[in-house]
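Participant: In case you want the letters, here they are:
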Amino acid sequence: MLPSYLTMAAILFCIGLYGALAKRNAIIVLLSLELMLNAVNLNLVAFSKYGVVPALTGQIFSIFTITVAAAEAAVAVAILIALFRSRGTVDVEAFDRMRR
Amino acid sequence: MFNVDITGEFIAFFAFAAIMIGGAVLMISLEKVVHMVISMAAVFLGLGGMYVLLDAEFVAFVQVLIYAGAVSILMIFGIMMTKHSGESEPVRPLHEALVAVGALSLFGLFFYAIRTTDFPDAAAAAPAEDNTMAIGELLFSGYIVPFELLSVLLTVAFIGAIALAKKEAE
Amino acid sequence: MDTYTNIAWVIPLLPLAGFLVITALGRGFRAASVWVGSALSLASFVLSLLVLIERLKPNAVDYNNGFDWIRIGDYTLTIGFEVTNLTALMLVVVTLVGFLVNVYSAGYMKDDERITVFYGYVSLFSFSMLGLVLSDNMLSFYLFWELVGVCSFLLVGFWYARPAARAAAKKAFIVTRIGDAGLFLAILLLFWYMPEHSLSFTMIESVFDHQGGTITAGITTLIALLIFLGAVGKSGQFPLHVWLPDAMEGPTPISALIHAATMVAAGVFLVARTFDIFQASEAAMTTVAYVGAFTAIFAATIALAQNDMKRILAYSTISQLGFMMLALGLGSWTAGIFHLFTHAFFKALLFLGAGSVIHAVHTQNIQEMGGLGKSMRVTAWTFAIGALALSGIPPLSGFWSKDAILTVALEQNPLLFVVGLAAAFCTALYMTRLFVLVFLGKPKAAKASIAGAKESPAVMTAPLIALAALAVIAGFVETPWNGWFASWLSDEAGASHGSALAIVLSIAAGMLGIVSGWLLFGKRRERSGAGFAERMPGLVKLAENKYYIDEGYEAVFVKGLRGLGTALAAFDKYVIGGAVKLAGVCANAAGKLALRLQNGQVQTYSLAAVLGIVVIVIAIIGRRMLS
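Taken in order, these protein sequences are the chains called E, X and W.
Using the numbering used here, the first residue of the first sequence is number 1, and each one after it goes up by one.
Using the numbering used here, the first residue of the second sequence is number 1001, and each one after it goes up by one.
Using the numbering used here, the first residue of the third sequence is number 2001, and each one after it goes up by one.
To be clear, the hints were calculated from the coordinates, so they are not data collected in a lab.
Among the hints, erroneous ones may be present.
Stated by the list, open to error - In the SDA-like style, the derived pairs of lysine to any residue whose C-alpha atoms are separated by at most 20 Å in a straight line are: (1) W:K2057 / W:Y2004; (2) W:K2454 / W:W2381; (3) X:K1032 / X:A1042; (4) X:K1032 / E:V92; (5) W:K2110 / W:L2025; (6) X:K1166 / E:R85; (7) X:K1166 / E:A71; (8) X:K1032 / E:A71; (9) X:K1166 / X:K1032; (10) X:K1166 / E:E72; (11) X:K1166 / E:T89; (12) X:K1032 / E:R24; (13) X:K1083 / E:R87; (14) X:K1083 / E:V29.
Put together the whole structure using the sequences plus the hints.
Facilitator: Next up, the structure:
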């Protein structure tokens, strides 16, 4: 069963990657990032059951990842709101101050 | 893979997989932002189901609570507090094509790696008697320090988020 | 034992302290700066005198002390001071003239706004010159050599508001730089070829004294000629003499101190200090002798036709320095130093006397002067003593030293003897002309300042009297019958080398010069040498214009260099500048190209990263598969 789960995770990861790189709405970019993180979590949990040395550690890791992702999402949304206030848009194309 | 027995787990896996991929593709292709978030919630729920299949009941529970609940709501809040004129027409076809090529070739590599790797056919570990209790014991014995550090990180992140979002309002 | 010799290093430090104190006090302390400068120069003179007295003891040992300055690998550069009979003598000459000039300047520069600056510069110069004299190796010598050059530059350009002074200062600095470059090359060559890279004078002496084949004859000649180039620049020898007459734009006490007694003699001192190198090379000696002799006669003839009082003295200085070089080139460095010694006194006297006259009448043109002997008695008498000493009239000091040189010339090279004799004749002639036109007869220009000229104050005449006394007696340290000075200086048993023929001819040349000068300028002084000028107008015009040397340099070097500079500037502008511009344009274009990648979009950067990872992973997998 392991390859099925891994393939599933890879599909999710690549869709997330496409979303993160191609979408212009910053919130969708954030969601896509969450999707990529979830794909990784799926890998961890799958290895926790079907790995060479099955152990609960994989699940612990995924819990940690979920927690950190939650914190990241909160901070990211806060930044986004602050950015929206100062620039009036959430289009990532507008955020190109680094060029200047 | 294709010569495995059609078991209950197998059927359930494919059901969940169909939900998740469908949700993910919808998330990418839908027009309205709120719809995207809702399809994303479907992906999170499907993932929770998959965790149950993998004997990780506690993680599945956390997944549903945090992702399908908290993060989705957070995103909806974010959407409501910002203005969205809807996804404008794609003005950078070259960029999107290149991203698609990159994502697809990356998936190709992953798939190739998964197919060629010879996974040892270890028997699936027997599920713990009480998954939540086992995780709790492990979390509060072996991983107590990361756990505490994580709590500090969460506190910092939330205080920071409040400060960031509040700053301009003053 | 040699108490004062051991602390000889204090001598240069006293004027340095004076310079620092005067500079620190600032322009408000006019009297204080005069007192500080004079007192410290007197102190260093007294100390020098004590050192000299210690050196007068028979068999005094050369004293050398110092400390390690720089250590590079195995090579150690020491810096230190050395007291020999020669340096002790130079110390006394420099500090004595320096002290007298300090006193004299209190009167001469009294009304100058920047008198404190003047005293500061003079103190700095004294420090540099004394340091130069005491240096025990070529490198520190060179350091002080440049320092005196800087002081000379500052003092020549002291009245920088006058364009002529500015130009003269620049000219002095640049022309001597040619010689300095030669000296520097000589030091580099010495460093390269000397055993253990030693640059100390003692080592130079021992190496070149016993030519053990360590340094080939060709290199020796090259080093000697390069050192001589430095001396030519500093001592105003032909063809680098052009800066010295222009340097007369500086205050007259400076002309006396720097451009007559001390700094210009540094070139002679340098040759004497490294004399062993010259002795090891026949060609170098000949060059020195002929350059010296030519300069002596050449400058003396120019002096005949000049009308500026100080310029006449400047050309006379060049001529006398030529005499010194002639003596050195003929192998008798003691005679050269002897002439340096006496010349320092009577030429300083003449310059200070000229300064006294200029101070009184506010002009330097001798054609306008006349009859000053009545109103300025002290100046006239002391000037007369100086002029007679310079003309070589016994028993004044100039006679003995000039005679020593002519005697050597007669022994070794009759041609050079004749040239020297002719130069001595010209010397007497132009000094008579100068004296007659300035002090005798009647004023030629109806200027109130000339008619009503008053004697200078005592603070200016006292140094004149002191120097006049020295100009009279300084020659007796060495006479044709008594070679004490030469044997003391060179540590060799000096044979008295009197030559009746030389003495007679030398006196005759001097007397003849004076008499013909009297006949030419004294009798018909209303026409001021017109008789001579009428008979040979071309020659006089030639001499008046200094043989067109300056014009020649202007045409050949200045114009040539300017043309070369223009060409090089064009090369720089179009070829090098074009290349630079091309590089700039290329970089700009590349930047614009790269800017299209740097569009500020994080997504683009991430995409590049993803594609990069894909490519790298594919490359790794491909390699695995191939191998």
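Participant: So, for every hint listed, does it hold in this structure?
Facilitator: Structure-based check of all given hints:
1. A distance of roughly 13 Å separates the Cα atoms of K2057 (chain W) and Y2004 (chain W); the hinted pair therefore holds under the 20 Å criterion.
2. Between the alpha carbons of K2454 (chain W) and W2381 (chain W) the distance comes to roughly 15 Å, so the proposed pair stays at or under 20 Å and holds.
3. For the proposed pair K1032 (chain X) and A1042 (chain X), the alpha carbon gap of about 16 Å is at most 20 Å, so the pair holds.
4. With a C-alpha separation of about 17 Å, the suggested pairing of K1032 (chain X) with V92 (chain E) holds against the 20 Å cut-off.
5. With a C-alpha separation of about 18 Å, the suggested pair K2110 (chain W) and L2025 (chain W) falls inside the 20 Å cut-off, and the hint holds.
6. With a CA separation close to 11 Å, the supplied pair K1166 (chain X) and R85 (chain E) stays within the 20 Å bound.
7. The suggested pairing of K1166 (chain X) with A71 (chain E) holds, with an alpha-carbon distance near 17 Å, which does not exceed 20 Å.
8. Between K1032 (chain X) and A71 (chain E), the direct Cα distance comes to roughly 26 Å. Violation of the 20 Å bound is thereby established for this hinted pair.
9. A hinted pair counts as satisfied when its Cα atoms are at most 20 Å apart, and K1166 (chain X) with K1032 (chain X) does not qualify at roughly 27 Å.
10. Between K1166 (chain X) and E72 (chain E) the alpha-carbon distance is near 17 Å, which keeps this suggested pair within the 20 Å criterion.
11. Of the supplied pair hints, the one linking K1166 (chain X) and T89 (chain E) holds, its CA atoms being roughly 18 Å apart against a limit of 20 Å.
12. Pair hint K1032 (chain X) plus R24 (chain E) holds up; C-alpha atoms about 13 Å apart against a cutoff of 20 Å.
13. Between K1083 (chain X) and R87 (chain E) the alpha-carbon distance is near 11 Å, which keeps this suggested pair within the 20 Å criterion.
14. About 16 Å separates the Cα atoms of K1083 (chain X) and V29 (chain E), which keeps this hinted pair within 20 Å; it holds.
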